[in-house]
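Novice: As a plain string of letters, each chain reads:
Protein chains: 4
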Amino acid sequence: MYSFKNDYNEGAHPKILNALIKSNMIQEEGYGYDTHTKNAASKIKKLVENQNIDIHFISGGTQVNLIAIGAFLKPHEACISADTGHIAVNETGAIEYTGHKVITIESDEGKVTTEKIQEVLNSHINEHVVKPSLVYITNSTELGTVYTKEEIKKLSEFCKSNNLILYVDGARLGSALCVKEADLTLLDMCKFTDAFTIGRTKNGAFLGEALVIKNENLKIDFKYHIKQKGALLAKGRFIGIQFEELFTDNLYFELANHANDMANLLSKGLKEANCKFLINSPTSQVFPILENKLIEKLEKKFSFYTWDKVDANHSAIRLVTSWVTKKKAILEFINE
Amino acid sequence: MYSFKNDYNEGAHPKILNALIKSNMIQEEGYGYDTHTKNAASKIKKLVENQNIDIHFISGGTQVNLIAIGAFLKPHEACISADTGHIAVNETGAIEYTGHKVITIESDEGKVTTEKIQEVLNSHINEHVVKPSLVYITNSTELGTVYTKEEIKKLSEFCKSNNLILYVDGARLGSALCVKEADLTLLDMCKFTDAFTIGRTKNGAFLGEALVIKNENLKIDFKYHIKQKGALLAKGRFIGIQFEELFTDNLYFELANHANDMANLLSKGLKEANCKFLINSPTSQVFPILENKLIEKLEKKFSFYTWDKVDANHSAIRLVTSWVTKKKAILEFINE
Amino acid sequence: MYSFKNDYNEGAHPKILNALIKSNMIQEEGYGYDTHTKNAASKIKKLVENQNIDIHFISGGTQVNLIAIGAFLKPHEACISADTGHIAVNETGAIEYTGHKVITIESDEGKVTTEKIQEVLNSHINEHVVKPSLVYITNSTELGTVYTKEEIKKLSEFCKSNNLILYVDGARLGSALCVKEADLTLLDMCKFTDAFTIGRTKNGAFLGEALVIKNENLKIDFKYHIKQKGALLAKGRFIGIQFEELFTDNLYFELANHANDMANLLSKGLKEANCKFLINSPTSQVFPILENKLIEKLEKKFSFYTWDKVDANHSAIRLVTSWVTKKKAILEFINE
Amino acid sequence: MYSFKNDYNEGAHPKILNALIKSNMIQEEGYGYDTHTKNAASKIKKLVENQNIDIHFISGGTQVNLIAIGAFLKPHEACISADTGHIAVNETGAIEYTGHKVITIESDEGKVTTEKIQEVLNSHINEHVVKPSLVYITNSTELGTVYTKEEIKKLSEFCKSNNLILYVDGARLGSALCVKEADLTLLDMCKFTDAFTIGRTKNGAFLGEALVIKNENLKIDFKYHIKQKGALLAKGRFIGIQFEELFTDNLYFELANHANDMANLLSKGLKEANCKFLINSPTSQVFPILENKLIEKLEKKFSFYTWDKVDANHSAIRLVTSWVTKKKAILEFINE
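Protein chains in written order, with our numbering: chain W, 14 to 349; chain A, 14 to 349; chain P, 14 to 349; chain U, 14 to 349.
Any given hint could turn out to be false.
Same chains, same names: a pair is fine if it fits in one copy or spans any two.
To be verified - No farther apart than 27 Å at their CA atoms in a straight line, the calculated lysine-lysine pairs in the BS3-like style are these:
no.: 1; residue 1: 58; residue 2: 204
no.: 2; residue 1: 232; residue 2: 144
no.: 3; residue 1: 314; residue 2: 35
no.: 4; residue 1: 227; residue 2: 87
no.: 5; residue 1: 322; residue 2: 144
no.: 6; residue 1: 204; residue 2: 232
no.: 7; residue 1: 322; residue 2: 289
Hints are computed from structural coordinates only; laboratory data are not their basis.
Chain W extracted, bound-state conformation:
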């Protein structure tokens, strides 16, 4: 049975495995002071054309969110997120555990708008309510949608003029940057945000997120926060090596492109079969609306999540493609 449940069903890209084998018996410093971690950081700095950023490598997505937001905010400050945002719905209250409220706003297909942020600011004006200080967005979003360069720029300017930190959760940043219509690059991400993450668990690595911090105030003592939350790995080299490989010869974007291509192939095939969609996503998550009977039939050959009930007879399902997905699996699915 083939699984479209997630983009982390398999292990890691063969190049990563090879790099692990090659470096295995060489002694390295611990806690991220090894040569691979340094190389990986250099490669990212080069890509964003900014030597003056701090880069930290952290195991997981929830982990990087809770460390970053927990470090960036003072106790009375809160973050703003779309109501579909990962920190709002899928992290078991990790942000609240760090002591901070997540103020949710109705999302526009998973995205945050300056108008909605402004409404929050209007209703948070004194000490009887929290102080909104950080805007959290995901790109691509939990619904597979992406922000265009223009949208990110607008958010960036709004945040700056309102003294808000702009932080982007890039668990699926690769797929977002490979959407041509969005016209957004890694360099833009660095230019327009205070901090953002580059996710890899969902793009060919065993695990790991890179956190890029540009804002000077947010850089201070950051390694203390990583250690305090239990995320400073003794063998930091293990994450370093994986990023080193992914940012060699463009591998990271190649893999993301492949996932998007497979998803687009899937969407196209389903459209031709007159299928409707819950949302039009240009990235690696596809949300077709199908008859419940067909879903039952498909479940015998494929595994995936049923996302939402649409009416008595139809539901939307979520199909996720990845760097591994084979054209053959897509075609088989479409033919069902």
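Given the coordinates of chain W, assemble chains A, P and U onto it according to the supplied hints.
Specialist: Below, chains A, P and U without anything else, positioned relative to chain W:
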């Protein structure tokens, strides 16, 4: 330059790498519901002859400590630790970040005694002070010493009769269980504690600790706590596979034995050269006292930590052996 | 200028002042072990016909909420509140600071229904989201509405069968219990809830809330939590005396009744002047909808909060009556 | 039976009661925006000759400590305290609950020295341990000793040059400032510290501490922190009035002087009876060492705490005088 700085200078045991390669492209469930994680848990249950325990696999040592202690204690409760304990001195206030005080007691060569715990209980009797509810010990300790079976049993009985949780940080449990004089087995660990960890980062794996929970009250909803602290890996398989290998054909104990043997060889050689020691450790950490001049000379060929100043001309250094350490390196060091 | 802004514009009831004067120079034990605190607790136990409850006296409303909810929940557990609930909108993230998410549900005129709670339970079923464990309601609510005995009973049964704690914030409990149609008594409050508060700051005292805990599990070590959050007053007698007076000769209910009567007089007068209301409240908060011009005029003679914009020319204002409010002020307001 | 247990056995000074009566029925703004709170702040600003400080009035001592330290520190930062410090031993882990470690240093009769602080700094130099960022001292201390102006100045300079916040818990500041040999004034306190408190619960008020913040960085948004921890009283006037009275006509210092005088009378009398002391305290706490038999006899007429066992037949007791203590009680005690 050869490093005796730590037991995590290298990558992982070749058998682990092979297992990663072999399983790499097989689709598995995420979040620890994969076949490897299940197998690894089965193997541990068999070793401790107890099917009724819960086992969780977590990336790092600080991480498992903060999740476990944070989950086990109520807000007003505190843990008791030796003043040399890892949570007391080397985790950047991770336990305090979860809201709990670490009450330290003067250690007996890194170890906790019932007499010292009793003193803490005597002075914590009302609502103006925290309520001590958990005893934290490390085995082997930060000073390389170990608890004997009798000592663990005594602690266990004392904790039970005083309604205290006994939790053991086993970041270097392998080396402790391989000290014959201690007469302690993995089965004993399970029998005499409420929860304990089995560390692997320092014994042949890329990363990972297994947390074994026996006490029924402490088992409840534990996966929520793992997720909330950002430690639930999407590709949980990655940790599962490593434990699966380490608990196949006794590999875990073989590697720990090797580390101990190399350390004993080192101690013996140094003793024969009339060297004194800060502490007599039967495990993989050796603390010889050397002339500062000699230390300077050694630092040109080996890397290690200077642990403590002993007098104007002498210091203690820490040498750590591991599953990788070669006899040749030991002999070279002794000959210097 | 007369203020309808709040029910805490004035000091305390004269009987309370007299009691303070009378007891002033008598030495008493500290930290709530004084005779007045004991008497106050006895009086409440008698009123609810239950000797087996624990009663704690705490300075403020936000304080008692954060201590109780912080003590009742485990780290991964969350509370459910109406989106208008005080903990959700007006406590500067106090509950989140204790580490817990507040899950909000759309309120029915400030009230929580079992149907909405059920929806929350349906979407919180695994470790990727928080575990809802406590239902928080206010009575009377922030909109001046009240729960009937039947409604409280239904909530109570639902919570019991779903293993949820039912906790009632009674900052304005007096006014709720004095609404005859609700048919609810202090005894019912104790019968149907796990814990609830009796507010006095808004009903004749300088400050103070009584927290009544009936659920055995929630009673354990509660004084530790009070002390840890800085709420254990050295001169606990000061709060004890005030409750002692308020629960002597029915004073507490007399004052609440007066506030309700004044509010009803106000509502009636406004209705006769053809005024509409944002909400029909039977308690001490009245929300008339007025022309903006009239509001401007009124603001010259009275102070109050403008609550909500209704249309281009109209807004709702909030008028709060209290134990002090004089009939004369009401009539003057109506005549404007 | 007369109690020397504490300085909060009685109610409040008659002038405070009169002021409460006088102002009782006047409507005031809530949450500390009332005229009394403003007046009280003005009076303090005048006394310290600094208009550019922020003053907040908070109910209790543990409360002000946890709010201030919790607001001043970032998550990875810790405070340094004497091992006898109130936050270290008598606040039920309140500081740890805010997430911060309290690093204790061996005290010099309850006092902190720059030498000991330097030792802490020397051992806290990287991300594996917390970052010490605040020095907490009490004046007068828990042992009744006081800092001289020179000592405070030295601490102040040391803290500044090491980028440490100097925060003084003045729960018994009055008694400290009335010790002539210390040569320390309220103005000096403001000059040499970043923030300090002026306690009143123990000096004639029902409750209340004033927190004075001079350091600009620490002032930001402070009212949010007060509200979030449940310490923003609706009837803030109640604390304001008490401070207003205490800082009128020097009442605060008069009361503190009386307490010191009574204590000195007590010490003198006991010395003349050849009594020894655990510590020589110039303030309102006296620690005579007495025969256990005599203690038993005294306990029939007076109540007090037995502080420490000295030998098989002797113990130290603690006698606390206050603004109320009568000469007659002192003489009666001495005569026993």
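Novice: Now tell me, hint by hint, if it's right for this structure.
Specialist: Taking the hints in turn, this is what the structure says about them:
In this assembly of identical chains, residue 58 and residue 204 lie within 27 Å of each other by CA distance solely inside one copy; the values are 12 Å within and 46 Å between copies. In the homo-oligomer, the alpha carbons of residue 232 and residue 144 lie at most 27 Å apart both inside one protomer (21 Å) and across protomers (15 Å), since each shortest distance falls under that limit. In this assembly of identical chains, residue 314 and residue 35 lie within 27 Å of each other by CA distance solely across copies; the values are 24 Å between and 38 Å within a copy. Proximity of residue 227 and residue 87 under a CA criterion of 27 Å is satisfied in both settings, with 19 Å inside one chain copy and 19 Å between copies.
In this homomeric assembly, residue 322 and residue 144 come within 27 Å of each other (Cα to Cα) only across copies, at 23 Å, whereas the closest approach inside a single copy is 36 Å. For a Cα distance limit of 27 Å, the shortest separation of residue 204 from residue 232 inside one copy, 16 Å, qualifies, whereas the shortest one across copies, 32 Å, does not. For a Cα distance limit of 27 Å, the shortest separation of residue 322 from residue 289 inside one copy, 14 Å, qualifies, whereas the shortest one across copies, 41 Å, does not.
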